[in-house]
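There are 6 protein chains.
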Amino acid sequence: MFYHVKELQYHAKPERPDPLFAKKLQEILGGQFGEISVALQYMFQGFNVRGNGKYKDLLMDTGAEELAHIEMLATMIARLLDGAPVGDLETAAQDPIVGAILGGMNPQHAIVSGLGAIPADSVGNKWKADYIIASGNLLADFRANLNAESQGRLQAVRLYESTTDAGVKDMLSWLIARDTMHQNQWYAAIQELESKENIVVPSTFPKELEKREVSYTLFNYSRGNKSAEGRWANGVSMDGLGTFNYVEYPFPFGDKPVLNPAPHYIHDTLPSVLKSQTQHMPPNLC
Amino acid sequence: MFYHVKELQYHAKPERPDPLFAKKLQEILGGQFGEISVALQYMFQGFNVRGNGKYKDLLMDTGAEELAHIEMLATMIARLLDGAPVGDLETAAQDPIVGAILGGMNPQHAIVSGLGAIPADSVGNKWKADYIIASGNLLADFRANLNAESQGRLQAVRLYESTTDAGVKDMLSWLIARDTMHQNQWYAAIQELESKENIVVPSTFPKELEKREVSYTLFNYSRGNKSAEGRWANGVSMDGLGTFNYVEYPFPFGDKPVLNPAPHYIHDTLPSVLKSQTQHMPPNLC
Amino acid sequence: MFYHVKELQYHAKPERPDPLFAKKLQEILGGQFGEISVALQYMFQGFNVRGNGKYKDLLMDTGAEELAHIEMLATMIARLLDGAPVGDLETAAQDPIVGAILGGMNPQHAIVSGLGAIPADSVGNKWKADYIIASGNLLADFRANLNAESQGRLQAVRLYESTTDAGVKDMLSWLIARDTMHQNQWYAAIQELESKENIVVPSTFPKELEKREVSYTLFNYSRGNKSAEGRWANGVSMDGLGTFNYVEYPFPFGDKPVLNPAPHYIHDTLPSVLKSQTQHMPPNLC
Amino acid sequence: MFYHVKELQYHAKPERPDPLFAKKLQEILGGQFGEISVALQYMFQGFNVRGNGKYKDLLMDTGAEELAHIEMLATMIARLLDGAPVGDLETAAQDPIVGAILGGMNPQHAIVSGLGAIPADSVGNKWKADYIIASGNLLADFRANLNAESQGRLQAVRLYESTTDAGVKDMLSWLIARDTMHQNQWYAAIQELESKENIVVPSTFPKELEKREVSYTLFNYSRGNKSAEGRWANGVSMDGLGTFNYVEYPFPFGDKPVLNPAPHYIHDTLPSVLKSQTQHMPPNLC
Amino acid sequence: MFYHVKELQYHAKPERPDPLFAKKLQEILGGQFGEISVALQYMFQGFNVRGNGKYKDLLMDTGAEELAHIEMLATMIARLLDGAPVGDLETAAQDPIVGAILGGMNPQHAIVSGLGAIPADSVGNKWKADYIIASGNLLADFRANLNAESQGRLQAVRLYESTTDAGVKDMLSWLIARDTMHQNQWYAAIQELESKENIVVPSTFPKELEKREVSYTLFNYSRGNKSAEGRWANGVSMDGLGTFNYVEYPFPFGDKPVLNPAPHYIHDTLPSVLKSQTQHMPPNLC
Amino acid sequence: MFYHVKELQYHAKPERPDPLFAKKLQEILGGQFGEISVALQYMFQGFNVRGNGKYKDLLMDTGAEELAHIEMLATMIARLLDGAPVGDLETAAQDPIVGAILGGMNPQHAIVSGLGAIPADSVGNKWKADYIIASGNLLADFRANLNAESQGRLQAVRLYESTTDAGVKDMLSWLIARDTMHQNQWYAAIQELESKENIVVPSTFPKELEKREVSYTLFNYSRGNKSAEGRWANGVSMDGLGTFNYVEYPFPFGDKPVLNPAPHYIHDTLPSVLKSQTQHMPPNLC
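Chains as they are written, first to last, in UniProt numbering: chain A, 1 to 286; chain B, 1 to 286; chain C, 1 to 286; chain D, 1 to 286; chain E, 1 to 286; chain F, 1 to 286.
If we strip away everything but chain A, and leave its shape as in the complex, we get:
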């Protein structure tokens, strides 16, 4: 169950309106690695934990915090949109600054949301739950979380570099710091789980059931063998259970697949048509 308090976790006041930046800032609100993604990802992982303890608590702590970040970003975006102009090409032609705004802002910020934030990214794609994952396996999921916080902090840093507004920078420096914490925390949780299980997810699948002969092999499918230089092609494997090796000229292990004809009621191309194609085949080409 959730409670809301009206105060923001941290300030969200720009120095001045900037509808172009409002559009960009949408990325870390409603983009693939925006705050909606992490909030719902952590909540669904938390709800689905089959047990009850510190991992679930950590997920709910962080999920609830990300809801607060949605609120901060929505507030900042609404303020960046304060007094955003509307107009057409004639209006735009009269003032280059207004023209740049009219051409560059997200038109839905005026037409659809009435100067409010939208659950969408910086090009206007609406947020979708395809972005998130909750698999029931916490080591896998904490890796998803570490990735999300890495991508999210990278995007926040790029946005920080894109503005001269001290108020926006102030808020972003908060979010960047929180992403530092969240990378650290998932890193710590991953290390703990890896020490209890192993690094390969899932750790519960019997090793003898996989094709061990290719579990530590790098196949060179891209001409040039610079990849042979890496740690991943030399020495004991990272899971400690094998030895890396490198195959410079990988050959197929399987045959040319030939599929059976479809039943007539499927109305695929008839086998007779497919066969007849070879009737005129020049002999030297077979």
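Worth flagging that the hints you see were computed from the coordinates, not collected in a lab. Be careful, since some hints might not be right.
If chains are identical, the list can't say which one is meant, so a pair holds when it fits in one copy or spans any two.
Claimed, not checked - Pairs of lysine-lysine residues, derived as DSBU-like cross-links and limited to a Cα-Cα distance of at most 35 Å, are as follows:
1) K275 with K256
2) K207 with K256
3) K13 with K211
4) K196 with K211
5) K207 with K196
Position chains B, C, D, E and F against the provided structure of chain A, taking the given hints into account.
This is chains B, C, D, E and F only, laid out in the frame that chain A set:
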């Protein structure tokens, strides 16, 4: 540039048709963490590398291999669909097995693809590029890759547990082994990059520009403090640059946000209407 | 800012597992009118209110409650999935009940989420922010809310009718009651706003700028004139500013549109080709 | 069955081309509340009516009209795109007006549609049927319709404010008037249905089966109690069947949920790992 | 402008309800090549024609007819859903036929649409405008239309094979016949345009501006040279302007691409890190 | 199985950066008819061919080539983004060229991909597998391919017209030439299949099972009879099996559909409510 050879990387022959399992197997072909996702993710990361060396080569090696896995899964699915029945409720009522197939198989496998694989997941959602990431920052992206191989292997293992077909199990045990390698290889590449940079992505953002006072703080936003037990709340931070701390009763750092009225040409709810709402406010509620 | 408590708003315990019903129940969690939709819709409306008062408070009260409903439904779905079987056609053929489950359940509940809830609807479409609206105009938005609670309660009632599980029915009867309240509350808020503005949204657009001659006209574009019987075709208009009228044989007010040719650099079909089409036109057809 | 006549319902001629405005105008053609949405929403509601009478007729009348609006908007957009320039940054640098167009217009209007309208919104998201609803319950659906016409008129008004082109304004003033009618008509139809049923949808679910004790309760989940001032928290409920009440400090009615472990074949995190997490738990934290 | 008449273009009465078949039939209503696709594709092509004549008239004739097909299919689906049962696993276990229906039908047909048709395909993906095209070049678009009618008829035929219901077969045999006509008509229109232009779209691009040396070359990128047997590798090209040729061992025409480093404010992986990767490179691998 | 070589199929070097054009060029990489679409379409068609011969070989040859085109376009886009500026409105106001770039470029090129290509179109919609088709019927699918190459070449030509950069033009003239070949090759393959089967897909459905009386009829559903002039309304049908005819005033063949009431457990609008609507019906309107 790419070349194709007709042989499969590994065998893809089921013992018998099974249209229900064909539907499920679609998940690791065209789902969020299926082979299309990793193939295109590695290819885009590789194309976008700003430099040329072992990381790019590794990405292209692996991207090309994942294309081969698409091919293996498509072939296996087509064979699992061999002779799949069609029919209506009357047909279904005559034979419980046929009925189970008609009710449980993906109808598009008959109607749309003519007994061929579809670039979609196990519930029929078509594959979408929203699933993938290529950020230009390789540490961030290799974490995305490690996550993808973790989730992918987890799903392949669950599918392995779901079938009694020795041919399908044989192919899955190959794919599971390759996912073992791919988890190992991204793990190795991550360790190398972390040792050169630091664990926090991006490593190039000046530390003094983030709010360091909350870079290592766990806020307890979910009542109950089991999360205080974790490594993430105690000791030196994982990046070695701070000390974890725990705040049991986190208070807001910001104010209640009040947004300015919108310009009249936006036609939001009028400020006068919003204000008038307080006219009838009982005094004891303020 | 948000806080979470571990207890559920209301119980979410089924009498017994039922993976088929788990699939169906996803509709009111992650469907068009599910709890994710209302939670995020109310939150975005609340964040975007340009003013601060009872409407904003009401939106945040209800938005926070809907987050609790997401949690209840996710918990219920996870429990309905307890011990869900996996297997293929051979497994299915051995036991008709297991077969029905394998054919009818959402395969992602086993393969992707590991027996956890998914942010998706009952056919597996992932939730998307296209479902929600926050326009900045509260009368418009409260109508969206009343609609969402109407559709949501209708779906919950249909699900109630679809189960014999007393635990599921108990939880649904809670959610249905809350939807009763939420329909009542948005209804009340709408009445208040309509009494301050007018029923036509937005109320701030000058009446003389619209084509008043067709503001209260029902055009009969569907042969048969039963629609002429309605209140909407007779008497004073609902906004009190006009009189309804009915046009049985509506004629076009505009001309046949003919578009100018495209510039050559667009490479549309050439005007000469389009023109030449009339060269062979039989005279009696013009 | 449908017939088409070549004349437009109303004129759609701009004074001058304006590719930037063409992009914006797409919103009410192919956006969430654009004409495609209402046309298909009314048609599907009409096709699905289980009965035959004035409601169905009204739906088909209005659905057919909305098809005419699609045509008007498509025509207007094509004309706003007349002679739209193409070019790159070098071209743009030579003329600020051309530059503003090249930067601000929808590039697909040149590359994809060849200066024609696209079934998409103002940021280029293609129309999707997720936007619409036809539930079989007309009171619910007419509320969806009233909402759609409210949002649609609001957007049309905002577009009217954004242009100085008399031809565009002329067409918009027609569409705005029709939205006035359509809001009035659904309002009338809703009142009629509410008087026959009740305001709570669906009206056919037995009251005693819902948790009546919370059917009229406002829970204060957002700190601050301004929402207690509203009609929704005081007096007889809007459906006349209860009394509103307000709970300032709402407590959970449910327990902390603890989910059972998953079967081993699901390969979630092992219960032993989840349990072992408490082994090192400092005693004072429990 | 459009008019509707209440009668159907053709009968849509099944012999008996069949909720499983209702789900399948959705494919040709709301799938990629369903009636919504062709209706809106022809309408948008027609609205966008820059000229006025027989092609536009043909597009509008056919677009209006496809609207009638939407109506027929929606009606048929609603009737196939008559009395569709609801229930859970316990209900399903009592009657194998009911169980097959509950497991196999689209649950949204009961929960969301109240036994009405949905604008979605046979697996529940909602219709989206990504399916359609209107490019402004009629030869290109008529090829899209011929493809749509080919895929659509193929799917209708497969559905015909899947049912024993004489009423459904009767309606499908109508739709199949209309698809015969529509394939014939677009074929005729294509031939006419090809005879006026040429077969290569667009015909208006100066031949000397393309790399003529590879305009008629088949590159053998897939090992095995069966494709050399085809007409496409031998003789005069189909457009009459060149000669087909076959390259058995195609080599790259371009160089290995090396991208420049990104500016520091983008925070991609640093060039120094990418460079340093070669420091530990074993000498024999370069 | 696939192999990659590092060299590009053809050069991809622009003369100078141009972030605006980079955005546009995304269309033929990740749009509806971009290279991802054709690569995956040909690969899935090839994998699904139920037979093994020249058609499969041709599909794999061309599919592999399209992968090379993805690589060329990704490389070109990354280079067009070299040194792309970031900044806010203040930055934009200082230099009109920088302002045009900041307003017009795809913000994700900086924030998300770090100056790399994105699997998306020119307005930022991510690529989706809804764009492609593999039906198992090669004549149908080759028509899809001919359409894709027609639309793709049209878009490439429009982009060629939009740039003054000799390097970009050089690469586009390569792609345009390849599209010339691919149109020619699918045209040849289609002719071959049509000569073996017939022009109507699928050719395997017994003619007597369709309603032959409307297989060659053009119904005039759009007032005006210019469409009567066409070949499609006169003479022997294109498939040689019938005679075209034209119906100027098409009447319905079906009845007004009236659907049965829904069962009570569906909670649609009650039949009694629908019936009662006629109680107040003025007698002269029936």
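Going down the list of hints, with the structure as the test:
1. Only within a single protomer do K275 and K256 lie at most 35 Å apart by alpha-carbon distance; the minimum there is 17 Å, versus 41 Å between protomers.
2. Proximity of K207 and K256 under a CA criterion of 35 Å is satisfied intra-copy only: 29 Å inside one chain copy versus 37 Å between copies.
3. Taking the shortest alpha-carbon separations for K13 and K211, only the inter-copy value of 16 Å comes in at or below 35 Å, while the best intra-copy value is 57 Å.
4. In this assembly of identical chains, the alpha carbons of K196 and K211 lie at most 35 Å apart whether taken from the same copy (24 Å) or from different copies (34 Å).
5. In the homo-oligomer, the alpha carbons of K207 and K196 lie at most 35 Å apart both inside one protomer (17 Å) and across protomers (33 Å), since each shortest distance falls under that limit.
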